[in-house]
Amino acid sequence: MNFKEILELIDKVSELGIAELEIEQAGTRIRIQGQTHHAPAIHAWSGDLPRETPFPQLPSPTPATLTAKAEGEEESEAGLHIITSPIVGTFYRSANPESDPFVAVGDHIAPGKVLCIIEAMKLMNEIESDIDGEIAKVYPQNGQPVEYGEKLFAVRT
Amino acid sequence: MISKVLIANRGEIALRVILACKEMGLKTVAVHSEADRDSLHVRYADEDVCIGPAPSRQSYLSISSIIAAAEITGADAIHPGYGFLAENSHFAEIAGECQLTFIGPSPESIRLMGDKAKARETAKKAGVPILPGSEGPTRTHAEALEVSRSIGFPVILKAAAGGGGRGMRICANEADLASAFETARSEAERAFGSADVYVEKYLERPRHIEIQVFGDTQGRIVALGERECSIQRRHQKLIEESPSPVITQELRKQMGEAAVKLCESVHYMNAGTIEFLFQDGQFYFMEMNTRIQVEHAVTEEVTALDLVKEQIRVASGLPLSVPHGDFHLRGHAMEFRINAEDPVTFAPNPGKIREFHVPGGPGVRVDTAAYRDYVIPPHYDSLIAKLVVRGKNREETLARGRRALDLFIIEGVKTSIPLHRAILDEPRFIRGDFSTRFMEEFEW
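Heads up: the protein sequence lines correspond to chains A and B, in order.
So the number in this note's numbering is just where the residue sits in the first sequence, counting from 1, plus 990.
So the number in this note's numbering is just where the residue sits in the second sequence, counting from 1, plus 196.
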């Protein structure tokens, strides 16, 4: 395999988002690791926090897509009120798996309305709205871990 | 076995733990406040979780947030570092209840040795020399006066739950005691939530000498020599070294045996430090710190051990890797705490580091989480780097200290570097002739 072919392989690996590829050919073994291998679990879902990494990594289209999306979000968030997570924990949209979500996009909410539950240390913490308005966006997926300060809801006021 | 360690701390010690984990092939989780997003410990950890706003009470001291961060990242162990929750028995207990390995001593040991009066009683029972003083807290002025008369002035009043020099009052005579007693009690109440104070004989020119101890789950406890920590201001250590210029191999053995005896009496596990006051050839138990110390690197440099890796080993149930047999310190090591503060007034000086050049060369080690353009947040302590130098003897160590300090460039904030440099030219310091009063008398 020549140098050019190796470069093409690297491009392919990052383009398709392959985690790891190993090829053995005529006594030469090549292992290519994609970006996903080092991607930390927390940051897998907090794409809006740019993270510098000390490890040299292969270029991957994934972060670019995320950044673009984050920028798009910034624009559509103009004029919206953002409700962020007051604690670290796991985000739940409903009181239990069988029941309906507390709120959905388009719902009208008032201060004190329970929006979601964040579970931390086996305690279910109800997160209430601090504002009057209409739910424009729900950021985390149900069951997803969230950090302190992470965006939960966008509210159109 | 431990596979993923959450570090419940920040700054250089968080980074120090990450380095140890990396060498051991363990995954790391950094937790951070909003003010520490750009910190190196966040950058170098495998995962990171923002646990709260800048004030420590809502982030680095928030037990529930830290445990929740461990839960969502699947960490199976917690290293508390020093400060913050490191000596909080409740935190160690909750970690245990949540099936997280606490990399440190048991909650019982932390509780017992963290209370100064109880620790003193324990030391006395174990036959470790203690300063004459009250048996437990003195609740009335009359009681304190009676004890002071029997042991003789000067005496010192100390908060039973205290540390870091707060809640202490020196009384030269009965009049001093009368005016200081209630102040010390209310200060103790405010700072530590308990008004209990006890009375102890006050030594006028003692040295602060501490013994590094380590215990494992097999019941083996070792003493790893002393650290001389007499160079302090306001009870905050500035320079530490090992060996001490005044401790002979015979004294080292005696102090080590006393420290081990005390630890054995409480079945101590993991890293700890027994602090002694030393004057006129006699040593007296002062207190125990149930955590890794800021100055642990000094011991690492003269023992060729990695104390943080040792902590993780021991917490996993593995035996200490310290060789059996006679114990000797090799060479000499000295640590300078580089704080972001005015070297004259000691006022903290947070801000942006515009230039940051770390010295190198033989025998120089720098533990730091700072870098060029890093902004030192105003919310936490002012330690920005630990410069540790090592040489074959004290003389070579001092020479290395001077040249390393000369080449340590930090611009943008004031630091303690010029102060350290001046101390290294002070004849009494060079001779090794000093006590904990050194900084009160030092002029430059």
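Treat the hints as calculated values from the structure; they're not laboratory data.
Watch out, some of these pointers could steer you wrong.
[What the hints assert, rightly or not] Label pairs and their in silico Cβ distance ranges:
no., chain 1, residue 1, chain 2, residue 2, range
1, B, C294, A, S1089, 20 to 30 Å
2, B, F523, A, L1011, 44 to 54 Å
3, A, R1021, B, G513, 28 to 38 Å
4, B, S517, A, K1103, 51 to 61 Å
[Unchecked claim] Example chain B residues on the side facing chain A (calculated, C-beta under 7 Å, incomplete):
no., residue
5, C246
6, S260
7, S261
8, A265
9, I268
[Said to hold, decoys possible] Straight line, CA to CA, 30 Å or less: simulated DSS-like cross-link-like pairs of lysine-lysine:
no., chain 1, residue 1, chain 2, residue 2
10, B, K610, A, K1002
11, B, K223, A, K1112
12, B, K314, B, K223
Glycine residues also receive a C-beta, built at the ideal position from the N, C-alpha and C atoms.
Against the structure, the hints:
Distance hint check for C294 of chain B and S1089 of chain A: the Cβ-Cβ separation is about 27 Å, which falls inside the suggested range of 20 to 30 Å. Checking the proposed 44 to 54 Å range against F523 of chain B and L1011 of chain A shows it holds: the Cβ atoms sit about 52 Å from each other. Taken as a hint, the range 28 to 38 Å holds for the pair R1021 of chain A and G513 of chain B, whose Cβ atoms sit roughly 35 Å apart. A hinted range of 51 to 61 Å holds for the C-beta pair S517 of chain B and K1103 of chain A, which are about 58 Å apart.
With 7 Å as the threshold, the beta carbon of C246 of chain B comes within range of chain A, its nearest partner Cβ sitting at about 4 Å, so the hint holds. At its closest, the beta carbon of S260 of chain B sits 5 Å from a beta carbon of chain A; the interface hint therefore holds under the 7 Å criterion. The criterion of a C-beta within 7 Å of any C-beta in chain A is met by S261 of chain B, whose closest approach is roughly 5 Å, and the hint holds. The interface hint given for A265 of chain B holds, since its Cβ lies 5 Å from the closest Cβ of chain A, which is under the 7 Å cut-off.
At a threshold of 7 Å, the smallest CB-CB gap from I268 of chain B to chain A is about 4 Å, leaving the interface hint in force. About 51 Å separates the Cα atoms of K610 of chain B and K1002 of chain A, which puts this hinted pair outside 30 Å; it is violated. Taking the CA atoms of K223 of chain B and K1112 of chain A, the gap is about 24 Å. The hint holds against a cut of 30 Å. Using a Cα cut-off of 30 Å, the hinted pair K314 of chain B and K223 of chain B is violated, with the two alpha carbons roughly 38 Å apart.
Going through the hint list in order, the structure does not satisfy hints 10 and 12.
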